[in-house]
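> Model the placement of chain X on the given structure of chain H, informed by the hints.
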Amino acid sequence: MSEELVPIRFYVNGEQHETQVKAHDLMIDFLRERLGLTGTKRSCDMEVCGTCTVLLDGKAVSSCSLFAFELDGKNLTTIEGLEGPDGLHPLQKAFIRCGGFQCGFCTPGMILLAKSLLMENPDPTREQVCEYMDANICRCTGYQMIVESILHAAKEMQAANR
Amino acid sequence: MAGAVGENLERVDGYGKVTGKAAYTGDLNIPGMIHGKVLRSPHAHARVSKIDGSKAEQIPGVMAVLTRENCQVATPYIGAMIKDQCLVAFDKVRYAGDIVAAVAATDENIAENALDAIEVEYEELPAITTVEEALADNAPLIHETVRRARPPQYGRGASYILHEKSNICHHFRYERGDVGAGFKAADFVFEDTFYFPSAHHYPMESNVSVADFNKDGVTIWASTQGPFGLRQEVARVFGLPLSDIRVIVPYVGGGYGGAKGLVPSIIGVALSRLARRPVRVNFSAEENFKTICQPRAKITMKSGIKKDGTFIARRCQLFLNAGAYVNSTPSVAEKAGYRGHGPYRLPHVLTDSYAVYTNTVPTGSFRGFGGPQVAFSYESHVDMIAQRMKLDPVDLRRKNLLTKGEDFAAGDTPTDCDLKGALAKVAEAIGWGAEDTPAKPGVKRGKGLACALKDGGGTKKASHANVKILNDGSLVVFSGSVEIGQGVQTVMRQIVAEEFAVPGDQVRVDEIDTRYTPFDTATNASSATALMGSAVFNAAVDAREQLLQSAASRLGAPRSEVKFENGSVLCREQRLGLSDAMRLCFGDSGGEIIGRGFFQLPTDLNVPLGSPTPFWEIGFGAAEVEVDESTGAVKVTKYVSLTDAGKVINPIQCRGQDEGAAIFGLGQALFEDMVYENGRLMNPNLVDYRLPRFRDLPPEFKTIILEEGGGRGPYGVKGMGEGGILAVAPAICNAVCNATGVRIMEVPIKTEKLLQALQERS
Chain H
1 MSEELVPIRF YVNGEQHETQ VKAHDLMIDF LRERLGLTGT KRSCDMEVCG
51 TCTVLLDGKA VSSCSLFAFE LDGKNLTTIE GLEGPDGLHP LQKAFIRCGG
101 FQCGFCTPGM ILLAKSLLME NPDPTREQVC EYMDANICRC TGYQMIVESI
151 LHAAKEMQAA NR
Chain X
163 MAGAVGENLE RVDGYGKVTG KAAYTGDLNI PGMIHGKVLR SPHAHARVSK
213 IDGSKAEQIP GVMAVLTREN CQVATPYIGA MIKDQCLVAF DKVRYAGDIV
263 AAVAATDENI AENALDAIEV EYEELPAITT VEEALADNAP LIHETVRRAR
313 PPQYGRGASY ILHEKSNICH HFRYERGDVG AGFKAADFVF EDTFYFPSAH
363 HYPMESNVSV ADFNKDGVTI WASTQGPFGL RQEVARVFGL PLSDIRVIVP
413 YVGGGYGGAK GLVPSIIGVA LSRLARRPVR VNFSAEENFK TICQPRAKIT
463 MKSGIKKDGT FIARRCQLFL NAGAYVNSTP SVAEKAGYRG HGPYRLPHVL
513 TDSYAVYTNT VPTGSFRGFG GPQVAFSYES HVDMIAQRMK LDPVDLRRKN
563 LLTKGEDFAA GDTPTDCDLK GALAKVAEAI GWGAEDTPAK PGVKRGKGLA
613 CALKDGGGTK KASHANVKIL NDGSLVVFSG SVEIGQGVQT VMRQIVAEEF
663 AVPGDQVRVD EIDTRYTPFD TATNASSATA LMGSAVFNAA VDAREQLLQS
713 AASRLGAPRS EVKFENGSVL CREQRLGLSD AMRLCFGDSG GEIIGRGFFQ
763 LPTDLNVPLG SPTPFWEIGF GAAEVEVDES TGAVKVTKYV SLTDAGKVIN
813 PIQCRGQDEG AAIFGLGQAL FEDMVYENGR LMNPNLVDYR LPRFRDLPPE
863 FKTIILEEGG GRGPYGVKGM GEGGILAVAP AICNAVCNAT GVRIMEVPIK
913 TEKLLQALQE RS
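In order, the protein sequences belong to chains H and X.
The first sequence begins at 1 in our numbering and counts up by one.
The second sequence begins at 163 in our numbering and counts up by one.
Just so you know, these hints were derived from the structure itself, not from any lab.
Where hints are given, some of them may not hold.
[Claimed, not checked] With a cut-off of at most 20 Å between alpha-carbon atoms, the simulated DMTMM-like pairs for lysine to aspartate or glutamate come out as follows:
no., chain 1, residue 1, chain 2, residue 2
1, H, Lys-22, X, Glu-839
2, X, Lys-864, H, Glu-80
3, X, Lys-630, X, Glu-707
[Stated by the list, open to error] Partner residues are not named here, just some residues of chain X that face chain H (Cβ under 8 Å, in silico):
no., residue
4, Glu-367
5, Glu-735
6, Ala-824
[Unchecked claim] Distance ranges between label pairs, derived from CB positions:
no., chain 1, residue 1, chain 2, residue 2, range
7, H, Arg-9, X, Arg-857, 36 to 42 Å
8, X, Lys-217, H, Glu-15, 43 to 49 Å
9, X, Asp-675, H, Gln-16, 35 to 41 Å
10, X, Tyr-678, H, His-17, 45 to 51 Å
11, H, His-17, X, Ala-185, 19 to 25 Å
12, X, Thr-793, H, Asn-75, 52 to 58 Å
13, H, Arg-9, X, Glu-285, 53 to 59 Å
Just so it is clear, CB atoms sit at the ideal spot from N, CA and C, and this is done for glycine as well.
Chain H with its partners taken away, still in its complex shape:
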């Protein structure tokens, strides 16, 4: 395998990074092993389950199926970046309040995909939530309480913006 190093410059959770990566390094491994951002989890490794979801320039992508060098020039949000100085993000609070997780392994990816949904559509219907969130898999909850968590967060966020 190529050992060629690629220089990259990018933001992770608002913090600038400049480093070099091997051309074949996967984004998920780079995040977990080099940056210590282990909140991003690996599961199917073939872009089906969404467990490794991160937001690249605000867009939900599977970090298991991207190279680390694709971070270059981008702004990345991982689950570690959601909690602000004022505390948890409304989605994080809603997942706790409404039972949106159990084992928690899919939760970082699930919350980030939901964030992407609410950025595109701040007031989704139950059907729209199910359609959008269909990209991610949860094996524990049976999905309904995740849907309720997202709908609850949407209401809270809208109320806060009013």
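Quick look at chain X alone, frame taken from chain H:
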């Protein structure tokens, strides 16, 4: 703050899990840690004639190569019930994916490449995939010798039948009454055969562990539901005392019964001993598929019935495809067999349940533990009987369901909730008896329901717990129940908070470390809240009593004049908060109280399984489906799930467990199946193996959780979390038949087969 029980107390693991800070085994980076990978057999059945790891050992970065040649252990055989699986192949490989060798290297890529340098020669043997092939005359024996544990200690009516020189590894029989006489006395006899798939647990987190073998002993960080069972197996294989082995359990990314952690831990310990470094073994998703699955089942139900619909006799034959290695499958066969007659009054029963070796992926426990397989069969069978006898399926069930207090089997715990009431509730919730609302042209709509139960809480499980009162009045729980997502940490916190009448955040639930945590059999069989909950409750009561005795002696009062009330120690006019009471007893800086609790039901050979079931876990369900007659596609438009928690400790968590179980059932009814061609698993990945997704969520989905108080746990609590899976497949198939007239005998429902049946019907 009395009343912690029954509240939606915020989950102990909430903050960590929504922020990504909760540490799972795969997130750990132990100093000096290297990476282990395993070499798997391409053949379903072969003799390993030669294996040579010397070339792999020469590769820079390779720290250890483990083969049978250098595997110095007390015994290479592991397994929950039958010691049938070698940590690496010694003589044969028995399924495509069987572990032949392992490598530890400084980097995962180096380890992967080193596997290719291991030289293996195989002599292929005839392989068998199905139970039929395995039971045929002259079928090749998959295990020439079977290292059985002691035969199970069964009680009244149950027996274990040994088959020598056979692929049958376990044969459980349960008999009562005289089934022959029962069939003679019956007005009708019906017989149907059903097929249930082999599903994979697919926890989102794969099998993973980190093992460190050094001169002080062995430390293992593992994603496991059974840290103490894991410790036992490591001790046995490596010939070490239990005290030298320490199993630490970080958060677990889903369990569902999949015996996670055992295989990677044993391999990891062996590699770590050779490499003298901590070794992480983290299976890929594909390897996980090839590690364990649910046993596939073929089940025949034959029933004798009186003209008025009264059931009198049932003959069940169950064949479980146990795969190459069987883990807990003998026990699955036993439990599935014991539950074969369902929640009904049946005076004459004869059940034979077989677990049969084949050259397929190993099997073991899976959410429901044989329950989904038999419930699909007996509840489809009951609807077929109703249809043949032109009876309403709800009336037929009502007539035969056990009543509260009635014996499921003489000697065992009597039925501990109102099953007829439960049936009425699901029937009402689905609108049973009401006209179906019209569907679009070409789409048929129908309803179906199912009633199932399982003996819950395991058999003869032991749970120990400690509760500490620290000097400042804060409390710590030491319990071996693993947080696998079900919310057990929060439940234990609620029980202790309730017993001390303190806010939940005054109670800490400690991480599991077998060096300090008291013994628990395992986190399985929906047992934690009822069994460990009892142990924790008992430990809290013991700690409270110690405090009261100590306070009485300090105050110079008789014990009878000191009591605990609303979080305070009360003695005559004096009221001391928990911290003041502790300081009274121990001074301002020293001392603590350790309360001990234990729970285990006794052996009782009047009970078929040798000990009474802690509780009956019920799973009733009703489905409304739409079947598209032009495609055969089935859509579940409404699902109602009902269980009895005995007493709800945490309402959101109970609902989450039941909903999660129901969607597990939906997967088995509609999609999930491990598919083999020529002895090879064809779909060991999420592209080809379809799991339930958001789009499959029924638009109307309701969970009813009863609190009938009949459990043996504290406050009358029972277990739950498996019940919800039991009724799903039969309720959906009964609804499909109600909609279209087509009876499904095999799940998952195959769209093309249903379409063909729809076309043949018209």
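> Are the hints correct? Go through all of them and say.
Evaluation of the provided hints:
Only pairs whose Cα atoms come within 20 Å are accepted, and H:Lys-22 paired with X:Glu-839 is rejected, the gap being roughly 39 Å. For the suggested pair X:Lys-864 and H:Glu-80, the alpha carbons sit about 34 Å apart, so the restraint of at most 20 Å is broken. Taking the CA atoms of X:Lys-630 and X:Glu-707, the gap is about 12 Å. The hint holds against a cut of 20 Å. At its closest, the beta carbon of X:Glu-367 sits 5 Å from a beta carbon of chain H; the interface hint therefore holds under the 8 Å criterion.
Below 8 Å, beta-carbon pairs count as interface contacts, and X:Glu-735 has none with chain H, the closest being about 43 Å; its hint is therefore violated. The criterion of a C-beta within 8 Å of any C-beta in chain H is met by X:Ala-824, whose closest approach is roughly 6 Å, and the hint holds. For the pair H:Arg-9 and X:Arg-857, the beta carbons lie near 39 Å from each other, so the given range of 36 to 42 Å is met. The hinted window of 43 to 49 Å between X:Lys-217 and H:Glu-15 holds, with their beta carbons roughly 45 Å apart.
The given range of 35 to 41 Å is respected by X:Asp-675 and H:Gln-16, whose C-beta atoms sit roughly 40 Å from each other. Distance hint check for X:Tyr-678 and H:His-17: the Cβ-Cβ separation is about 40 Å, which falls outside the suggested range of 45 to 51 Å. A hinted range of 19 to 25 Å for the beta carbons of H:His-17 and X:Ala-185 is consistent with their spacing of about 23 Å. At about 44 Å, the CB distance of X:Thr-793 to H:Asn-75 disagrees with the hint of 52 to 58 Å.
Distance hint check: the CB atoms of H:Arg-9 and X:Glu-285 are about 57 Å apart, consistent with the given range 53 to 59 Å.
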